[in-house]
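S.K.: Residue numbers (numbering that gives the first Met the number 0): 0 to 678.
Just so you know, the hints here were simulated from the structure itself, not pulled from any lab data.
No residue lacks a Cβ here, since even glycine has one placed at the ideal position from N, Cα and C.
It cannot be assumed that every hint is accurate.
[Unchecked claim] Per label pair, the in silico range of CB-to-CB distance: (1) Ala344 x Ala311: 49 to 57 Å; (2) Trp287 x Trp393: 53 to 61 Å; (3) Leu174 x Pro137: 19 to 27 Å; (4) Ala318 x Arg135: 22 to 30 Å; (5) Leu604 x Trp287: 41 to 49 Å; (6) Ser529 x Ala676: 46 to 54 Å; (7) Ala500 x Ala344: 38 to 46 Å; (8) Gly360 x Gly585: 23 to 31 Å; (9) Arg135 x Pro499: 42 to 50 Å.
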Amino acid sequence: MDVDCPMAVEAGCRLRRAGRRSAKRTPGRRPGAREGPQRTPAGAAVLPSQRRRALTRERTRDTPSNSAPARGKRRWADAEDSPRPVASLCGLARALPPVAVLLVAAILRFSGLNWDSGLLFHPDERRILMVVSGLRWPKPWDWSVVLSPRSPLNPRFFAYGSLPLYILHALGALLGSGGERLYLMARALSAAASLATVAVLYRIGVRLGGRTAGLLAAAFLSVSALTVQLAHFGTVDSLLVLLCTLAVWALLDVVQTGSLRAGATAGTLVGLALATKTSALPLAAAVWIAWTVWAVRAHPLPRLWRGMAGLAVSAGTAAAAFALAMPYALIDWFRFAVAMAQEGAMAEGSPTVPYVLQYAGTVPYLYQVGELARWALGLPLAVAALAGMAWLTWRGMRYRRPADLVILAWVWPYFLTVGAFHAKFVRYMAPLVPWLCLTAALLVVRTGEWARERGMRWLGSSLAAAVLAPTLVFALALTGIYLRPHPWVEASRWICREVPAGSTLLIETWDQPLPAGPPEACAGRYEVMSLDLYATEGNAKLEALLDALERADYVILASQRQYATLPRLAERYPLAAAYYRLLLDGRLGFRLAQVTSSYPRLGPLVFVDEPLAGTGLPCPPGLGCRAAGPVSLEGGRLVLHLGRADESYSVYDHPRALIFSKQAELPREELRALLLADT
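Make the full structure from the sequences, and use the hints.
M.R.: And the structure:
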């Protein structure tokens, strides 16, 4: 049975499709030709008598009738026999599944966009909004100013591309959104781009594997945790994923038809993707492979020349699109080159960048696969996706299918290039997620077809449900964190409520200062000290730490950014590692007073990451560290302990904040002896 239509309209769908096909093939019948029965692909005979009755109804439809009941009866019969209700039902049946998938995707992405109450806890988002707020249209318009580095349209910031900045600036000017609401517009733009990617992947899946594959690929992508999370951040990642997916879609047209228009479209999209983030550069390999595969498939010399022309068109339009969307990369080229050098140093693990220290000792490629399996996709979808990618790679290499080769020419160069970076932020894998979902869907559909041929009709749908259901559960659990108060907001409320005025708070550099919130909440009530544990080890750092411990009434660890990283680098940061060990086990005179967290949760099911895993730090009472196994029952809840997560997965939208209060005043020399003895 056709899976696109319900049983009630199946026959009508078949007849209408058969009629359309026969109309295309035999537009007219020779005079005197014998009229015989025709058969649809499903085997249902359409007899000549049925066609004659239909023609008779058409001739008599507008004939006046003297009998009102007869006229009503005829209209009822005409309506009953008309194909229009069947066509409407069939069209509705075909439209409902993709619409339902898009609706679920929209709910997951647009729910809770104001998750941090406008406090901008995501540092990249905060930086982007600062740059956008500084952009200005020249008044009066002067090309000599516009085309110079001193132009007010020059963002002077090239860690990310300029295209998202200009889009956001234009939307803000068009809709009149002030700076206080610009962050919501940025997040809505990110969510819309993520939703559009789901729709695009559906069309690609339909093209490559049929409607079932398209629906399944879109469903997998709609509930993938990484894309849901990135849709809630006003950053460039969701737009980058959309543009890369559109570019590969256009390249599928190139490899199929050799169309110069498709090549120009693909080139334009590649240029826009590069103007969003330069990490899209591996798309160039996909462009070259697409034109090469098309050109050499039939070997004629004219096709080879056309392929070279198409490659030139794609390259030219890519360069033009990049220049238009990111003009100051060329005009202010020196600043752009410096920014690219800094980004390259960060990607290679520059010791001066604290937030990449977490990747010390991690294994390239395997680390990213592990993060995809546990957090970005979830284990069921990750297993299906990796198996699907392996299968597609084998099929592409064996059968040289053009579409497979184009997809592989994008996925593998990107993964091999970006996966080798020392900085392994899980969001770097986001451009590959649509294609992982697609290969998972194609593999599930192919497995279902194989099983159906062997009488196991249930296997395909069971496999799809086994992948989709747990992935949806985790996506719903993750979405819940955006509907609850942010942990830093809760921690700030606790500080304002419980900490006496005049207390000294010790916070950490490179982390969120707490309390955070409206200025009037705790303004001027506390003395705040900042401790730099990333500083070079030595006597100066020890004395600064002793001063801080003597003066502090409360120690605030806003997130796991430092205490989950520095103890694992004890050879480089022995003093910092000793400080965290002594603080957590209470020997510095401080006791854990408050923990605020917001784990992904759905009903009684809780997904917990373990920042202390692999650090060797003790677990203070009240922290609720991992039980003996990966699953535990705590307070009537089923808690899944999934181990340590990439800090970029949790520190922005659901960090765990720890607040310690001083219980005993220790002499300075005793503190010194404790710290030195533990190093």
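S.K.: Now, for every hint given, state plainly whether the structure supports it.
M.R.: Structure-based check of each hint:
| no. | hint | verdict |
| --- | --- | --- |
| 1 | Ala344 x Ala311: 49 to 57 Å | 34 Å, violated |
| 2 | Trp287 x Trp393: 53 to 61 Å | 22 Å, violated |
| 3 | Leu174 x Pro137: 19 to 27 Å | 21 Å, holds |
| 4 | Ala318 x Arg135: 22 to 30 Å | 27 Å, holds |
| 5 | Leu604 x Trp287: 41 to 49 Å | 47 Å, holds |
| 6 | Ser529 x Ala676: 46 to 54 Å | 26 Å, violated |
| 7 | Ala500 x Ala344: 38 to 46 Å | 44 Å, holds |
| 8 | Gly360 x Gly585: 23 to 31 Å | 29 Å, holds |
| 9 | Arg135 x Pro499: 42 to 50 Å | 46 Å, holds |
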